[in-house]
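To convert, count from 1 in the sequence shown and add 1; that's the numbering used here.
I should point out that these hints are in silico values taken from the structure, not numbers from a laboratory.
The structure presented is a predicted model; accordingly, all values stated were derived computationally and were not measured.
One thing to keep in mind: the hints can contain errors.
Once the Cα atoms are required to be at most 16 Å apart in a straight line, the calculated EDC-like pairs of lysine to aspartate or glutamate come out as [stated by the list, open to error]:
id, residue 1, residue 2
1, Lys641, Glu655
2, Lys319, Asp378
3, Lys319, Glu380
4, Lys307, Asp381
Pairwise CB distance ranges, derived in the manner of DEER restraints [stated by the list, open to error]:
id, residue 1, residue 2, range
5, Leu298, Trp615, 53 to 61 Å
6, Arg973, Gly1098, 49 to 57 Å
7, Leu1096, Leu298, 53 to 61 Å
8, His654, Pro613, 56 to 64 Å
9, Gln438, Asp1031, 24 to 32 Å
10, Asp422, Arg547, 43 to 51 Å
11, Gln438, Pro969, 40 to 48 Å
12, Asp330, His426, 46 to 54 Å
13, Gln438, Glu1092, 29 to 37 Å
14, Leu298, Arg973, 37 to 45 Å
15, Val331, Gly1088, 43 to 51 Å
16, Ala959, Asp330, 12 to 20 Å
17, Leu298, Arg1100, 46 to 54 Å
18, Asp320, Asn1072, 42 to 50 Å
Positions of the beta carbon are idealized from the N, C-alpha and C atoms, including for glycine.
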Amino acid sequence: MGELLSFADDKDRMLMIAGTLGAAAAGMAQPLHIVLIGDVLNGMNPSDSSSSITGKVDDAVLNYVYVAWSTTASRQVKRIRGAYMSSILAKEIGWFDVNEPMQLSTRIVEAAVKLEEGMGRKISDGIRNLSMAVTGVVIGFIKGWDLALILLALMPFLSMKVLTKDTQTGIEAYGQAGAIAQESLSNVRTVHTFNACRHFIDKYASALDGTGLMFFTMLCTYAVGMFYGAYKVANDQLDGDKCVGSGCYDGGRVVVVFAAVLTGSMAIGQAAPSIEALVAARAAAYNIFETIRRGSLIDPLSTEGKTLENVSGEIEIKDVTFAYPSRPDVQVCSNYSLTIGAGETVALVGPSGSGKSTIVALLERFYDPLSGVVSVDGEDVRGLNVNWLRPQIGLVGQEPVLFPTTSMENIRYGAPSASDDQVVHAAKMSNALEFIQALPRGFDTEVGERGTRLSGGQKQRIAFARAIVKNPLLDEATSALDTESEYVVQQSLDQLLASSKRTTIVIAHRLSTIRNADRIAVHNNGSIVEIGTHDELMEIPNGHYRHLVESQSSPAHADSDVVASRAPRELDMPNSVQTSAATESSNDKVECVGAPDQSATVLSRVRKMASPEWAFLVAGGVGAVLNSAVFPAWGVMMAKITVLFFDYDKTEHEMVHDARYWSLSFVALGFVYGISKLLQHYCFAVASERLVARVRLAAFTAMLRQDIGWFDKSENASGALLSRLSTDAATLQAMTSESLNRLVVNVTTLGIVFAVCFFFSWQMTLVFLAVAPVLTISSFMVNKSVADGDSTSKKNNDADAEAGALFTNAKNLNAKYKQLLDTSKETDLRAGLVAGAAFGFSLGSMLLVAALLFYVSSRWIPRGTITFEDMLMVFSLSSFSIGSAAQGATDPTKAQQSAENIFQVIDRVPAIDVMSSSGRTFLSVNGELEFHDVHFALPWLRDRISLVSQEPVLFAGAIAENIALGRPTASREEIVQAAADSSALEFVRNLPDGFDTDVGDRGGQLSGGQKQRIALARAILRDPSILLLDEATSALDNESERIVQTSLNKLLKTKRCTTIIVAHRLSTIRNANLIAVTEQVVIVEIGTHGELMQLPGGRYKQLLARQTY
2 MGELLSFADD
12 KDRMLMIAGT
22 LGAAAAGMAQ
32 PLHIVLIGDV
42 LNGMNPSDSS
52 SSITGKVDDA
62 VLNYVYVAWS
72 TTASRQVKRI
82 RGAYMSSILA
92 KEIGWFDVNE
102 PMQLSTRIVE
112 AAVKLEEGMG
122 RKISDGIRNL
132 SMAVTGVVIG
142 FIKGWDLALI
152 LLALMPFLSM
162 KVLTKDTQTG
172 IEAYGQAGAI
182 AQESLSNVRT
192 VHTFNACRHF
202 IDKYASALDG
212 TGLMFFTMLC
222 TYAVGMFYGA
232 YKVANDQLDG
242 DKCVGSGCYD
252 GGRVVVVFAA
262 VLTGSMAIGQ
272 AAPSIEALVA
282 ARAAAYNIFE
292 TIRRGSLIDP
302 LSTEGKTLEN
312 VSGEIEIKDV
322 TFAYPSRPDV
332 QVCSNYSLTI
342 GAGETVALVG
352 PSGSGKSTIV
362 ALLERFYDPL
372 SGVVSVDGED
382 VRGLNVNWLR
392 PQIGLVGQEP
402 VLFPTTSMEN
412 IRYGAPSASD
422 DQVVHAAKMS
432 NALEFIQALP
442 RGFDTEVGER
452 GTRLSGGQKQ
462 RIAFARAIVK
472 NPLLDEATSA
482 LDTESEYVVQ
492 QSLDQLLASS
502 KRTTIVIAHR
512 LSTIRNADRI
522 AVHNNGSIVE
532 IGTHDELMEI
542 PNGHYRHLVE
552 SQSSPAHADS
562 DVVASRAPRE
572 LDMPNSVQTS
582 AATESSNDKV
592 ECVGAPDQSA
602 TVLSRVRKMA
612 SPEWAFLVAG
622 GVGAVLNSAV
632 FPAWGVMMAK
642 ITVLFFDYDK
652 TEHEMVHDAR
662 YWSLSFVALG
672 FVYGISKLLQ
682 HYCFAVASER
692 LVARVRLAAF
702 TAMLRQDIGW
712 FDKSENASGA
722 LLSRLSTDAA
732 TLQAMTSESL
742 NRLVVNVTTL
752 GIVFAVCFFF
762 SWQMTLVFLA
772 VAPVLTISSF
782 MVNKSVADGD
792 STSKKNNDAD
802 AEAGALFTNA
812 KNLNAKYKQL
822 LDTSKETDLR
832 AGLVAGAAFG
842 FSLGSMLLVA
852 ALLFYVSSRW
862 IPRGTITFED
872 MLMVFSLSSF
882 SIGSAAQGAT
892 DPTKAQQSAE
902 NIFQVIDRVP
912 AIDVMSSSGR
922 TFLSVNGELE
932 FHDVHFALPW
942 LRDRISLVSQ
952 EPVLFAGAIA
962 ENIALGRPTA
972 SREEIVQAAA
982 DSSALEFVRN
992 LPDGFDTDVG
1002 DRGGQLSGGQ
1012 KQRIALARAI
1022 LRDPSILLLD
1032 EATSALDNES
1042 ERIVQTSLNK
1052 LLKTKRCTTI
1062 IVAHRLSTIR
1072 NANLIAVTEQ
1082 VVIVEIGTHG
1092 ELMQLPGGRY
1102 KQLLARQTY
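Input sequences plus hints: build the corresponding full structure.
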């Protein structure tokens, strides 16, 4: 508990103290009220003013209780969220290698809800109930210690250990499901390209698969206590043995002792939800606090470490050995040494996976070496302040990372203090200014999640501009740029380096970009095998560098026959032309359940989606009806035995005999209750869990099938969609297990109660009905206050949605997250005030109604209008049954809003439905493309197209699983062959688990070239009719590119498929059948290589002249 509240500040502590005192006072009010009831029953002369005062006191203190605890809970959960975010962003990169980043945002969304529940109103309820329990027991011992002792000896105690384990397991399961959801939604273009929607839907579905005894014991306690009480009354009051003195038992004393101890025991039971919420909060907080407590090995937010006054830029890497945390047995660098002088430009070249990018990561201090030293200006980087070190380095990565904000802000992330003019200048230097100004809102245009609204070259130029604001350290800075942009950027870079003499490290596969470097270091297997200038290295006979240059400029490389002849390839189909009906297959049933019906309410749709569990719902309903009858029967039995305590005309034998009868009746009622409760809760719980899984799956399916334009909207970013899956679907449980449960119980209970009450005393029943609207209004106020408080939760969820983007791009964006959390502070206190007033009025009004009933009965009993038994019967039934009906009522407004949010997604008909079977299919596919009134069955069409894009997208999972996305039915041998064809087989087999090696989040455990080869294997496995290559070999080193290009040539000659190549390296397209030169979305030249080279002043000829082979 101390750890759970460890984020409280002084204001929170004051609120908690005030809330605790108020809750304790509220808990004492009801047991004290019982003492008055005992006096009323003895003399039927109730002090209604005292009862009213008790109710008003209860009302007043509860106001402050809920204000205090609601406010402090919200404040502390925000602080925990902020601390969690700070802790995540402070972690070293190696921590993300072994912890799934995709699960982090889901974990905080799920945990925050349970934390706020366990630290807010539930605590005040628990304190109030515990106070009530203690006060009740104390009063019981004062009035009759022996009866109280018997009752306490039989009171059951509950353990919460199982609940803790189940809660934590549940959160982990939903965290895994959330990771799958976020990964597929944030890479939806790749999912659609490979028709992989069903694959991820099935994967998501598999991630989702997953008190009666207490009450029986309590009713047995009733039986024993009632029998003993009747025995004491009979012994002290009957057969002429009238007891005198303060220790004698009469009917009023038995009722007070029994009711006080009973109230205390019931208060402990009512405290169970609070204890459950607290235990659930602790279970949910376990991973959160573990993450917060774990110190970062390399903390970018820390203020510790040295800072240097002036940085000359001298870099020394000495005897460094390193292995990634995710693969500690595989050494990437072994005894690596390299010295770079101040202002020197050094190029690192070599095959993929040879350790080039690792050196950059060590210099940035993303990782620390296992041995050896990395130093800047003679200072070990481990002794420098990380927060100071990284701003000294500008990094343009091989795969540019942009954030879901404007172009201006993305560039400014390089230097937060940069002015607008400096940002514009950086954009100009990177050749990004022209296209940014052409965007609808210029620099204020949103780039989309991870920059999806921009092309690969545009994203790279934005990233390059971001680095120019600092001192650039370039890792494949120009690999994704078109020829024109590369030429301009390279000129800008040369000017930048010449003017300021920055120390520069260039990692390149394209050797033309590093010929003028001061030195070139050639890598192989984690070590430098050659180092020198271009000319020096070219003079080494059979040297590695010379071989790379010759292979890159050789005719076999330059004259790649990348496109086969124009002879079309035919693909046989069962029918010449097939038009599929617009009907869903059996696989689509999950999203059709609960299809939109304009006349149906949201509630009825939820019930319809729960219809597959009709057997569980019926069984649960039967259990609920039986359970409903228990409370009225309980009330009747309590009234009967209470009357027995005051029937002094009976003999001792008769009273003991009747007491035995009613006591055994309590035992029988306990059996009925235990069976009905087990049936009710188990069946409704099964139905609700299956409903939630079905709703999540339906929503996830609907999200995946939406057209790409839908995902471009800011409100449909992957973080926002993930939050919707996590919170809204879970809230729907209230509409089945809780709402349906309470509906059946309440309707049945109230029907039985009023029937019995009218039978015994229609007068008192009418009085109760007259004041019933007060209880109805108070209940409405409670629900309304909860609904009004949803705005705060929504703002917190907005922050969590943003966290979905931040976790996957962990940078120093902590302040932005905290700012989002702070936006709901103003509403916290208001929500607490409203909720406190509502709950206080609700509970206080119940005591006032009880006082009124006692008042009218004290007038009618002497007149003979009603009997003492009639009064007790109505009072008992209204107290037990109506109180039970009101207790635990769920908030339908919140559940309905969540259902509406989910159904908005499920009901949306996408403009392009990637899972629809409607549309035309053909007998043969010639490969001739013409875009005119297009109407294809998208799954059929996309099954015949393979895409290898500029930025390869892999999904968390095994290498074999990623390749199999190309054709899920492929055998292991076919997967291995595809890897061999893409030049991936050798490095895959060298990995610890081979094809079963997990590639990590977005393939983070592999190098850029390795990821590209896996993506190429995925495309090859598909055996496409149309192959789309968007810079397919841009990330490969020269040797791999040559091998892959040769493999592609053989593949294309064998398969003879239509191929479209988007290329910046013109050497890869010389022998294409047709080359189309585009500018501003218009084809300005078209023809073969030879034809285009004959055009005087042609654009193609100009572009080719700027490239050196």
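Hint check:
1. Lys641 / Glu655: 14 Å, holds
2. Lys319 / Asp378: OK: Lys319 and Asp378 at ~13 Å, within 16 Å.
3. Lys319 / Glu380: 12 Å, holds
4. Lys307 / Asp381: 10 Å, holds
5. Leu298 / Trp615: 53 to 61 Å: 55 Å, holds
6. Arg973 / Gly1098: 49 to 57 Å: For Gly1098 against Arg973, whose Cβ atoms are near 55 Å apart, the range 49 to 57 Å holds.
7. Leu1096 / Leu298: 53 to 61 Å: Holds - the Cβ-Cβ distance for Leu1096 and Leu298, about 59 Å, lies within 53 to 61 Å.
8. His654 / Pro613: 56 to 64 Å: 59 Å, holds
9. Gln438 / Asp1031: 24 to 32 Å: 25 Å, holds
10. Asp422 / Arg547: 43 to 51 Å: For Arg547 against Asp422, whose Cβ atoms are near 46 Å apart, the range 43 to 51 Å holds.
11. Gln438 / Pro969: 40 to 48 Å: 45 Å Cβ-Cβ, so the 40 to 48 Å window holds.
12. Asp330 / His426: 46 to 54 Å: 47 Å, holds
13. Gln438 / Glu1092: 29 to 37 Å: With Cβ atoms ~34 Å apart, the hint holds.
14. Leu298 / Arg973: 37 to 45 Å: With a Cβ separation near 39 Å, Leu298 and Arg973 satisfy 37 to 45 Å, so the hint holds.
15. Val331 / Gly1088: 43 to 51 Å: 49 Å, holds
16. Ala959 / Asp330: 12 to 20 Å: 18 Å, holds
17. Leu298 / Arg1100: 46 to 54 Å: 52 Å, holds
18. Asp320 / Asn1072: 42 to 50 Å: 48 Å, holds
Taken one by one, the earlier hints all hold for this structure without exception.
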